[in-house]
Every structure is written in structure tokens, then in C-alpha cells.
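So the sequence lines, in the order shown, correspond to chains A and B.
To convert, note that position 340 of the first sequence is 441 in the working numbering; the numbers rise steadily by one, no gaps.
To convert, note that position 290 of the second sequence is 283 in the working numbering; the numbers rise steadily by one, no gaps.
In case anyone wonders, no lab produced these hints; they're calculated from the structure.
Among the hints, a few may not be true.
Listed next, the stretches of chain B that the computed footprint assigns to chain A, with coverage defined by at least 3 CB atoms under 8 Å from CB atoms of chain A [unchecked claim]:
hint : stretch
1    : 30 to 39
2    : 109 to 115
3    : 125 to 137
4    : 191 to 197
5    : 303 to 313
6    : 456 to 463
To give an idea of the chain A side of the interface with chain B (calculated C-beta under 8 Å), a few residues [to be verified]:
hint : residue
7    : 158
8    : 175
9    : 184
10   : 322
11   : 377
Straight line, CA to CA, 27 Å or less: simulated DSS-like cross-link-like pairs of lysine-lysine [to be verified]:
hint : chain 1 : residue 1 : chain 2 : residue 2
12   : B       : 226       : B       : 377
13   : A       : 334       : A       : 139
14   : A       : 304       : B       : 338
15   : A       : 239       : B       : 416
16   : B       : 92        : B       : 481
17   : B       : 338       : A       : 321
Just so it is clear, the structure is predicted and the values come from calculations on it, not from any experiment.
Yeah, the Cβ is synthetic: ideal placement off N, Cα and C, and Gly gets one too.
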Amino acid sequence: MTRKKLLVLVLLTALVIVSVTGCGRPAAKPPEEAYPSKYITGIIAWGAGGGTDTTSRLLVPAAEKVLGTSIVMSNRTGATGSIATQFVYDQRADGYTLLFNAENPQLYQVLGLSPLSYDDFEPIILTVNGVTVIVVHKDSPYQTLEDLINDAKANPGKINMGISGVGGQPYMTSLILRQGEGITFNPVTFDGDGPLITALMGKQIDVTGLAVAAAVQYVKNGDFRALAVVSNKRNDSLPDVPALGEIRPHLQSLLRASGFFYGVHVKKGTPEPIIAKLREAFLAGYNDPQFQEYARNNGMMLMGITGEEARQFMKDWQSAMAWLVYEAGDAKESPEKFGIPKP
Amino acid sequence: MAGMSALLIPFTDISMVLYIAAGVFTGIYIGAIPGLSVTMAVSLLISFTFSWNILPALAIMVGIYTGGVYGGSRSAILLNIPGAPAAVATGLDGYPLAKLGEAGRAMGLSTTQSVIGQFFGVGILIAASPLVSRLAINFAPRDYFLLSIMGLFLVGSLSRGSLIKALITAFIGVTVGLVGMDPFTGQGRLIFGNARLLGGINFVVVMIGLFGLSEAFFQLKIRSKPVKQKIDKIIPSMKLILSNLALTLRCSAIGTIIGALPGTGGDIAALMAYDHAKRTVKKPSRPFGEGAFEGIVAAESANNAAIGGAFIPMMTLGIPGDSVTAILIGALIIHGIRPGPMLMKEQPEYFWIIVGCLILSNIFLFIFGMSGIRIFSKVVEIPKSIIIPIIIVLSILGSYTINNNTVDIYWMIAFGILGYFMKIYDYPVSTMVLGVILSPIIDSNFRRAVQMTQGSFGGFVQSLFTNPITLILLLFIVFMLVSQTQAKCVIINKLNAVRKQG
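Bound conformation, chain B alone (with noise of 0.2 Å):
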């Protein structure tokens, strides 16, 4: 534990304090935007925070990332649309709340289930960082696969009423994702002989023209009047917390591990977590993807949890944990310092002071979350002359500025249209952003699992069975399988045909 009193030099620094404070502040807001990602502020904050010293560029940095996964609720609860990938699974329970007039109370609730993930994170980091990084590096591509195959089981929890629909709309996602270059070869995909189209739809996009965009036109179609919200009851009781607390705890684990995967991030931690309340809670305050409370809390409390996560290989290993890590990692670099096993050895206070600003952040997630709810709410009543407009501009906002080209608003138009027909036509847009994300992971990691085994599909099954940690997501998925589905059902009757026999 050396350079452990490092751990108080954010505390006791007053412009470290303000700077994590402004970090914190900025990012709720960036992340609430739809289309202005963590991402996108960090790399910006790498041209801006050139000149200064490494600390006030470190703890703003840190800021912003914690505001900002943080944020991207706040504008999937009030106007289903996610701010931020991360923030998808809580839209599905925070808008239905909203529409029920407690967008206040899945605020408040989404506030102090982040804090709490994130506390878990960073304790993780503290306490198992070596385990849990050992677990990271041996993590290989085959074991993706799976995780990603257990991604795809989430196309049963996130569709409403037809599973066809939601099998339909998964698979268009998945070619969605698969369109661009060749991440193996280099050829092109998909792309109709079109050189424009080798850069791939950049899933974001997606995300934005069909919760967003498509929102906004669906919107005008309906005609119901903004819900008068309940503002009386923003901060959760103690009773909901605690009665939660068991699930946010198995959430945060989920978080943080998939966080610290390095080909994964806060999204799918998120999603997952969604997909593990749905599993468990047998009895949630209302059924899951009408204003459930358990939704809220798997979403918020893993996805923040992912943040602690993320920083363990990027300390321990010098490998990003998620996207933010990686610029972060790019950020330390111009300023002289590698993060890795030998920073870890030699300069080991940095890990100290991030993990100080990780703490500060936190505290000031709580206090920017908890204040500022009653204005936010006021959202959800705005006249639809007011919202639709401002909808529209901030998804074509988004779409341009993630990699400032004009193209990307034509798909994210073209997305909008096509999310509200399957709107009407009731079909789950949901489970085509899902697909998109999965998409890349499931095909990259499946050929990289057969080419470890130099191409022969024998050698990759036996290698299903003969690797500890493969074969525990195997045996998982298996379980999902029968336990879930029909299959369950089929064998009791067998089981029990054959004991009538006996």
C-alpha cells in the first residue's frame, strides 16, 4: 500500500476540489445531452489541458467521466432517450416512471443507486485490483463470445409482447453493427460497392435516431398531454434503498467486472445488470418495463460500478478498461506518464490520487444529482411545441459531433424514421441498439476464437470445455436456457412421466 497517503491529495488541494466539483457538474450535463459523450468531452479536454499540470487535468478528467455516465439518465428518464449508451437500460423503467409522474423519484433513486456502484467500484479497486486484472488478462476471446451470446439473451427481457418482433428488430441491429470495413481483412461489408459506407454506422448514431429522433416524431403522433409530475418525494426512503440493497450489490459486482474487461464497457455492464434484476426479482414494484424501481437500480448501480472497473486494468495493466480509459491513458501519456505495471511499482501515489478523485467525484455526484431534481422534472411538462423542436435539434447536434461529419445525421434521420414505424407497428427499438453494440463483439471475438485454434472448429469447441472460465459461462448459459424457457417445463414432464413409470 505504498503512496497510499496520496489518497489525500485531492481532498486537501482547494483547486483539485473545484476542479473535480466543475468536472462532476459539466459531465451530468454533457451526459444528458444526447450525442455529446464522455468520450467526446475527455478527448476535447486533452487539447485543453495540454499546458497544465498533470493533477488539475487528472481530476477534471475524472470528473467529467463519473458526471457524465451518471448524466446520461437524466434525459432517458425524462425523454427516453439515453444520453449515453450506459443509460439505455435505465429509459426502459425510468420513462415509464416519468409518464407515471415520477420522473422526480427515478432521479433521486438513480442518484444514490450510482453513488452507491460507484463507491463499489472503487472499492474493488482498492481491495482486488490484482485479482480482479488476473481475471481480465485471462479472459480470452472465446469466453467474449459467450458473455456476448448471454448479451443477446437480453432480446427476451427487453421485448414487450412479441418475442418475433424482438427477434426481428435484434437481428436487423446485428447487421447494422456489421457494416464497414472488415476489422480482420480490411474489405468491406455491406457497403454496396459504397467507399463512404467503410467507416460503419457508428452506433451512437443509431441510438440517437431511434430513441431520439424517432421520440420526437412519435411525439407528434400521439396526442397525450405532458404528465404533471410529483415533486414532493425526490430523495428514495431509506426502506427503498435498503430493500434494493442486496440487488445493487450483485449489480455493482456485474458492473464492475464487466467494466474491467477491456473489451467491454459500461453499456453492456448496464444491460446485463437490467437483464439479472429481471431474472431475480420475482416481485418488483411494478412489472419490469412499466416503472419498475429494480430497473432503476440494476441500470444505475452497475453502470457507475463499470468506472471502478475500467480504471483496474488501466492501473494495473497500462490496458483501458473502456473507451474514457483509453483517451485518459492517451491524456497521461503526453504528459509524461505511462500507466501500467511499472507506474504501479515506481510512482504508485497515482493510483492513490485517482482513486481520491474517484471518491471526491462520487460525493459531488451526490450533491449535484440530489440537487437541481424539481427543475429537471419540469422537463416532462414542457408543451411538446417547446420539447419536439429542441428534441430534434440536440439528436442532429449529437449526430454531427461525434466524428464531425455530415453523413452521420443522414443515417441518424434515416434511423429516426425507421425507429417510428417500428414505434407504431409496436415493434422494440430497444433490442436493435442492443444488437448493434453486441454485433461487433460477437463477430470479432468468435473469428478471433477460431483463428486461436488455427482455424478448426473442433479445436474452438473442444476449447469451450477444456477452460475453466469458459466453461462456467457455458454451464451459465445452459442454465439460463433451461431454467427460463420451455425446455424447463419439458424436462419436469419428462422427469416426472418417467417416475409415474418407475
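So that you can see chain A by itself, here it is in the shape it has in the complex (with noise of 0.2 Å):
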């Protein structure tokens, strides 16, 4: 009886041992020319039927046709997308895991997040850059964004803005204003566009700031006012509303890379000849159809640029960003700790 149980004690055990270390990862590295030789993992740091979920998916299916593989997507949560860029980051270069990421890991940094950033990727693809349009509730006092602007002068601090936490885009959105208008308001965090809505909604807070995509259908359903487009330029969507860059010259500079955007990459030191078979693969992905009819209807401006172009765009907006959060004394480290040049 005992001895029986023993045995079983001990199967047990080497059972759960077995399957714990029974994960790694197979040891076989494939040479660059015959790349794609095996299936591709697609790590996506958002949750499924989010913005940056729903973009990665779209994208696959034609890239996957060029490559001649399967991409197999997983969603892979938490902590603002860092979990996945480390999981990405701890794979080895070979093109084999790409990270489909939004444009968070450039301040994880300066928030004490993880010593990550695109830094340590090589960028496949930039898809699409997202605007962040600020509204109010239908019966708010505020007509246009001069209303809500004056009365955040003469009552600083006092405005309820919904956030969706420290350096997300409503967030984001109010430093901008605070650095050019010197406004202050009371932020109240939600858990996203969702929640955001229902608190407009239900006048839980006087203003926030909403992807376009989220908010269009209930400015034309009027429920609640766009009063600008934290952009230069206007959005297709809501053509009617004015971009704060148009009313607000002064912050012209300060917008020209902000907003969100999703993207495609590989860790740093992957073989050249690689980069260029996944890039043409996402840039046949981009390029699809239903891909561009989705980003045109869901009020997402396509960018669609690869390599140093991509670079570049990420490292102004990393530097415009990253100093904004500093000076408005959220930020964990300085940007200059990590050589982050000020705008």
C-alpha cells in the first residue's frame, strides 16, 4: 500500500517536472537563405479585440502568402505591453517571433517599466498612426476647445479629464496642453476607451480623449462634441473637426510625431536578408485591401514606412514624448539617462 503510493508520488512528481521543463525551445538554427523553413510566432502585447490586436491580425493573411508559412498569433498581456516585448526580446534573432506592439515601449524607460525600448528592435513595419480626438458630453458648457481652454485657466486643476492611466494617449493628450497652454486638469483614470466612454457618458467626467475610431459614431450620433484633433492635420473621419495644430499653431512642432501607432518587429541583430523577406512579406500585408479599408474606416492615418524611416519617426516621437512626461513629473528616470535628446 505504501510503496504503491510512493510510486505514485514519485510519477507524479516527474510528471509535473516533465512538463514544466518540457517547454524549452527546439535548439536548430536555420540557416538565413532558407528562411522561412518553419512556422513564425506572432506575439501580440495587447489583448484580443483591441486596437493593436485587430490591426495585427488583418495584417497576416497576405503576409503570410508571400512567406509561404504560417505566422501563428498569440496574445500575450500585461504591464503595458513590456511582458511581451521582453518575451520577444529573450528569443533569439532569427526572425522566427516578431512582436506586434503599439508605440508604449518607447517610454518604458522613462517610467521605470523595463530597460527596453525599439532600441533593442529592428522595425518591420510602422502600419498606421492613430489621432486622439479630445470630446465632451453633448450638454457640456464647452462649444469649442477656446471654452474648455479658458475655463481650465480660470479654474486649473478643477476640470474632470478621464485618463487611461499615465502615458496613455488621453494622458498624453493633456500634457500636450499643459505644455503649450498651461492648463492643468484633474485627471481621473479609466481602464480604456471603453470605460472612458461609459464615464462621459454618464457625465462622470467633464472631457477626455478618445481614439478616433472609438469616438466617431458617438459624435455622429451626438452624444457627445469632438472639439479637436490632437493632430496637424484634420482626420477623414471627422472632417467637420478642427485640428489642434490648425487652431493651436504653436503646437505644431510638438504634435508632429504623437498619436499612436502600431507596428511589426524583430529583436536587434537579426540577419539582414531576414528583415527584408518579412519586410516585403508586411508590406504585402499592408498593402491589402481589407487591411486599408479597415485602417480608412476606422479613422487611422496609413504610414506604412519600414527601416531608417521608421526609426526616425519612432526616435522624435520617443524624444517629444518621453520629455513631456518628465517635465510633468511622472516620469520614474530622467530621458537623458538613457540618451533620449530633447526635442
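Assembly of the complex is requested from the two constituent chains, each provided in isolation within its own frame, with the hints serving as guidance.
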């Protein structure tokens, strides 16, 4: 009886150990010219159904055709995407693990979330650039952005602005206004666009910033009033809403590289021929009519940039936004420490 | 009621009927396996149904959603391992019933109550969507805070014997729920300088460890023989259903409303309904926690009613009611449709198609739920040497698949060992899971509510009394406190003393 029990215990322990340690990766290193000789893993840094997820999944089918292999997509969420970013960084630089993430890694260092940034990766493609629109409830006294700014000047820190956490787009919008107009809001933190929409509908907040795609239907429906698009150019989805850079020209330099962007990246050190192949594949995904239509319908600006151009855009973005966060006093570390130039 | 004729589309298109049937069937099994969740299944389906037409994709997703919420109760009843968080409450009385040899009856009852609950939820979706969505909009952070405080009262309902022990585990649960990145500032909390803890500890991992692995260890320790199951009476008698009808409807209403609130889902709905049953049912068939049918009635009607509830804000406002509807919105966006007020105006037929899918899934839920119970009952009779390794493998598999992360397996094992000792020393594990579930809701909403009053605590307290929904919740909490604790006796004694003096 006891011997039998001991046996069961030993077997169970062995089972646990084997199933835990058995998850290692194969050691074979394929030659560059044979790439891709097996399936590719795509790691999405954000949850299923969200913007990063949808944009990433729409890119993949056409890219798979060009590569002649399948790309297995999985979501690895948490800690503003830094868990996924770290995971991809921990894999081999062989082009078999791709990172699908948004703009967030460019702020990880100053926010103290991770030592990584896009400097540790090679951009395959930056697909779209999204913008935020400043919205208020339809019953709000603010008819224009001017009204909001004037009231904020009269009552500093009294207007409740819904944000989605430090580093999120509504938060960055509040910093742009703070830097450019010298106004401060009282931030109230919600979990993202959906909860912000609910809160604004219930008049629990006075103003917020939403991704254009998320806001359009409420603006068209008359529930919300859009005051300005946080960009230098108007957005095709909301052609009647003025651009922030248009009514406040002195903010234009700050808005040059702003908003959020989605892209595909591989670890730095991946051989150039592999990067070239991936670029070709994802450009095909980007040019796919289904992807283009999706981006247009959701108020995103098509980028489609790769290589040096993409790297430069991300650098400019990081320089502008990291300093903005730092000067607002919300950064854990100074951008200087990471060699991020002042804009 | 424009576009109402679209209600019949799922019924008249044979391929949609088949997709829904397949969805419900797979959903039940996915739900029954701990760790494989509906959320996961639906997100997998996004890439799967990518090139399909929108209607079949929608049909299979709604089917899986329905089946999956129900399926979680199977493993909760048979193995004391909730297949999904929404089934935590079902296991409280379901597993004791299985130990009494009544697993078949418990599963039969869970099926009928799930079906009734889901019909109730869908009924509210059809009849009162605008009303409920108005409530959802006006439900402010302070209200979520009060609701989660009410949820904490469950510690009393879930404790077996010692309240102190229940409070200790609930406290640990709340603390575990706080680990990770602060949702507001992005800074790490309780991570001890370890960046790998930034992502927090997934509560499903905690649940699988505490219920699944620890149960396997515990079964090794106690030498109980598998219980022979009675399988003659699996369809609950009309009398049992009718005598519980009032409770079923009350719990369905709780489920629908909590499901419709964007910040809470089926797991909290089922627990709140269980708490409600325990407070209101004076003479349960057996004491709660020892196999009361009323416990299953409450939990199962509420968690399936929450499905209809979750669709209310999704369809009328474009805001997801829970994690599954969040993914459904993403899936619809891929297909070029964005749920919300504009869709309701321009293409109301989508609303009715979803209603049709829900009704049809519910019918299949009854069919698939009732068939196969006899075979399922045998699970309890499987010798331990076979079932325990299976439980362990499933626990590992389940915790890994949540985020494809091996670290989650280690956490699961750690909580499994903790749960084993908790069981030996008679500390309840369900209160700890409750703490982990409620912790982020309490934390975020309390801070949000104080932020809304510009950081003034006085302003926060004032806001508790000056808003109608908040005031009702507050009075409800006071009522619960006074009526169910010793405060009641103290007050009555005082009153009597005053009367005597007078």
C-alpha cells in the first residue's frame, strides 16, 4: 500500500517536472537563405479584440502568403505590453518571433517599466498612426476648444479629465495642452476607451480624449461633441472637427510625431536578409485591400514606413513624448539617462 | 422594433443552426476544462473566422459563449474544480452533492436553471435594453466600490465555521490581487523589485491552483473511496423547479444587471446571487455548503443570465459588458461592423440576429446539457490513480494557456501547495479567490471615486449621500450589516430596554 503510494507520488512529481521543463525551444538554427523553414510566432502585446490585436491580425493573412508559412498569433498581455516585449527580446534573433506592439516601448524606460525600448528591436513596418480626439458630453458648456481652455485657465486642476493611465493617449493629450497652453486638469483614471466612453456618457467626467475610431459613432450620433483632433491635420473620419495644430499653431512642432502607432518588430541582430523578407511580406499585408479599408474606416492614418524612416519616426516620437512626461513630473527616470535627446 | 424579422435568420439558415450547435457543444467542453476559458476560445476564433462571413462567425461565437459559461459548472460539481471563474459559486454546493452521490441531479438542475436564467437575460435584453443601459452609464466608480464592498460580505457566506480564518484568506486574496503594475501610475506594487511580477498574478491561475491542484493533493491525503452515483433521477422534478422559481427569477435579475454593468461579469454575478440565496432562503433542502439545491439554483441562473446582460451595453452603447463581449466587438470590427448606437439605428437587424443566436444556443444548451449527464457522472467514480494525474495535467495545461507563459505554471503550483495546507488546516479557499477577484475592482474604483472629487475625502463621503444609485446601495449595505449581524440584537435589546424604562 505505502509502496504503491510512493510510486504514485514519484510518478506525479516526475510528471510535473517533465511537463514544466518540457516547454523549452528546439535548438536548430536554420540558415538565412532557407528562411522561413518553419512556422513563425507572432506575439501581440495587447488583448484580443483591441486596436493592436485587430490591426495585427489583419496584416497577417497576406504576409503569410508571401512567406509561404503560417504565422501563429498569440496575445501575451500585461504591464503595458512590456511582458510581450521582454518575451520577444528573450528569444533568438532569427526572425521566428515577431513583436506586434504599439508605441508604448518608447516610454518604458522613463516610466521605469522595462529597460527595453524599440532601440533593442528592428522595425519591420509601422502600419498606421492613430490620433486622439478631445470630446465632451453633448450637454457640456464647452462649445469649442477655446471654451475649454479658458475655463481650465480660470479653474486650474478643477475640470475632471478622463485618462487611461500614465502614458496613455488621453494622458499625453493633457500633457500637450499643459505644455502648450499652461492648463492643468484633474485626471480621473479609467481602463481605456470603453470605460472612458461610459464615464463621459454618465457625465462622471467633463472631458476626455478618445481614439478617433472609438469616438466617431458617438460624435455622429450627437452624444458627444468633438472639440479638436490632436494632430496637425484634420482626420478624414471627422472632417468638420478642427485639428489642434490648426487652431493652436504653436503646438505644431509638439504634434509632429504624436498619437499612437502600431507596428511589427524583430529583435535587433536579426540577419538583414531575413528582415528584408519580412519587410516584403508585411508590406504585402499592409497593401492588402482589406487592411487598407479597415484603417480608413477606423480613422487611422496609413504609414507603411520601414527601415530608417520608421526608426526616425519612433525616435522623434520618443524624444517629444518622453520629455513631456518627464517635465510633467510623472517619469521615474530622466530621459537624459537613456540618451533621449531633448526635442 | 425595426429589423425584428432578422430574429428568425439564425433559425431558418441551416448552416447557422449547425454552427450554433457546434459552438454550444464545444463551449460546454471548453468551459468544463479548467483553464480553457470562453475568452480564450472566442479570441482563438477571431483568427479562425477571419475569412468567414460575419453571420456564421457570430453564430459560433455566441454558441461557445453560452456553452462555456454553463460548462464551467460541470467540473465544479464533479471535481470541485470550477472550469471557469463564473462556476466558483456552483461548486460550493455542487461538489457536496456529488459526494452524496447526486452529481447527476446537480448537473440536471444546473442545466435547467442555466436555461431559465439565460432566457431571462435575453428577455431583458429584448425588453429593457435602453433602461438597463441607462443604469449602466450612471453606475459611477463610487457605486462599483460599494458593490464590491457588498461582495466582500460574501466572506461571511463562504466561511465554514471560523470567520477569522475566512477573513485571513480573503485578506491574502485581496493582497495577491494588488500585485503588479499600478493601473493608474504604471508603477510596480508588491513586486519586490522583480520586473517579471509587473504583469501581476492572473486570478485564473490562482483559481486553478487553489481549487485544482490543491484538490488533487488533498485527494491523495484523504483515503475516501469514489462515491457510487445515482443516475436514475437526473431531470429535476417540476416540483423542485417550481418551488425555486421565485429564487431563480430573483437571481436571474441579479445576474442580468451585474452582467450588464461594464465593470463586472458572470463570476461576481454568480457569487452575489449565491450570497442572496443564502440570506433569503430560510429553509434550504440541506444546509448551504453541504449540498443545498438552492445554491446551484442561484449560481447557475445568475451566471447564464449575465450573458444577456453583457450584450445590453455592447449592443446599445458599443461598450463591452464583460471580457467575452469585448472580444466579440473586436471580431465584429474586423468584419467592418462596429456595435453601438449607430449600428442600432442603421442596421438594427444585427441586434435581432444576436438575440436569435442566443435563443437558439439556449435551446441547444438544454439538449446537450441534459444528454451526457450519465457519462459525466462516471467521472466521479473514476479511481483516484487515474483521475488525479489527469487533474494535475489539466491544471498545468490550463494555467499555461491563459497567457502562454511558463511563469504562470509556477504560480499555479505555488498556490496549489498553499491551497493544500489551507485545506488541511481548514482555511476556506473560496474566500481567497473572492479576494483576488474583488481586489482590483475595489482598488481602482475607490481611487477613481476619490479622484473624481479632486482627491478630497470629504467630497467623496459627500458624494456617497448625494447620488440616488449610490444612496440606495449604501442603505442596502447598512441594512445588510444591521439585519444580519449582532448589531441587530444589540439594537433590539436597547429598544426593549428603552421600552421597559418608558
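Checked hints:
A stretch counts as covered by a chain when three or more of its residues have a beta carbon under 8 Å from one of that chain; for the stretch 30 to 39 of chain B and chain A the count is 4, and the coverage holds. Counting residues of the stretch 109 to 115 of chain B whose beta carbon lies closer than 8 Å to any beta carbon of chain A gives 0, which falls below the threshold of three, so the coverage claim is violated. Counting residues of the stretch 125 to 137 of chain B whose C-beta lies closer than 8 Å to any C-beta of chain A gives 6; at least three are required, and the coverage claim holds. Coverage of the stretch 191 to 197 of chain B by chain A holds. Counting CB-CB distances below 8 Å, 3 residues qualify, and the rule asks for three or more.
Residues of the stretch 303 to 313 of chain B with a Cβ under 8 Å from some Cβ of chain A number 5, which satisfies the need for three, so the listed coverage holds. A stretch counts as covered by a chain when three or more of its residues have a beta carbon under 8 Å from one of that chain; for the stretch 456 to 463 of chain B and chain A the count is 0, and the coverage is violated. For residue 158/A, the interface hint holds, the least distance from its beta-carbon to any beta-carbon of chain B being 6 Å, beneath 8 Å. Satisfaction of the interface hint for residue 175/A is found here, the shortest Cβ-Cβ separation to chain B being roughly 5 Å, below the 8 Å cut-off.
The interface hint given for residue 184/A is met, as the beta carbon of that residue sits about 5 Å from the closest beta carbon of chain B, less than 8 Å. Restraint check, residue 322/A versus chain B: the minimum CB separation of about 5 Å is within 8 Å; hint holds. The criterion of a C-beta within 8 Å of any C-beta in chain B is not met by residue 377/A, whose closest approach is roughly 26 Å, and the hint is violated. A threshold of 27 Å between alpha carbons decides the hint, and for residue 226/B with residue 377/B the separation of about 25 Å falls inside it, so the pair holds.
A C-alpha spacing of about 43 Å is found between residue 334/A and residue 139/A, which places the hinted pair above 27 Å, so the restraint is violated. This hinted pair checks out: residue 304/A and residue 338/B have alpha carbons roughly 23 Å apart, not beyond 27 Å. At most 27 Å may separate the alpha-carbon atoms for a hinted pair to count; residue 239/A and residue 416/B exceed this at roughly 55 Å. For the suggested pair residue 92/B and residue 481/B, the alpha carbons sit about 36 Å apart, so the restraint of at most 27 Å is broken.
For the given pair, residue 338/B sits about 12 Å from residue 321/A by alpha-carbon distance, which is consistent with the 27 Å threshold.
Comparing the model with each numbered hint stated earlier shows that hints 2, 6, 11, 13, 15 and 16 do not hold.
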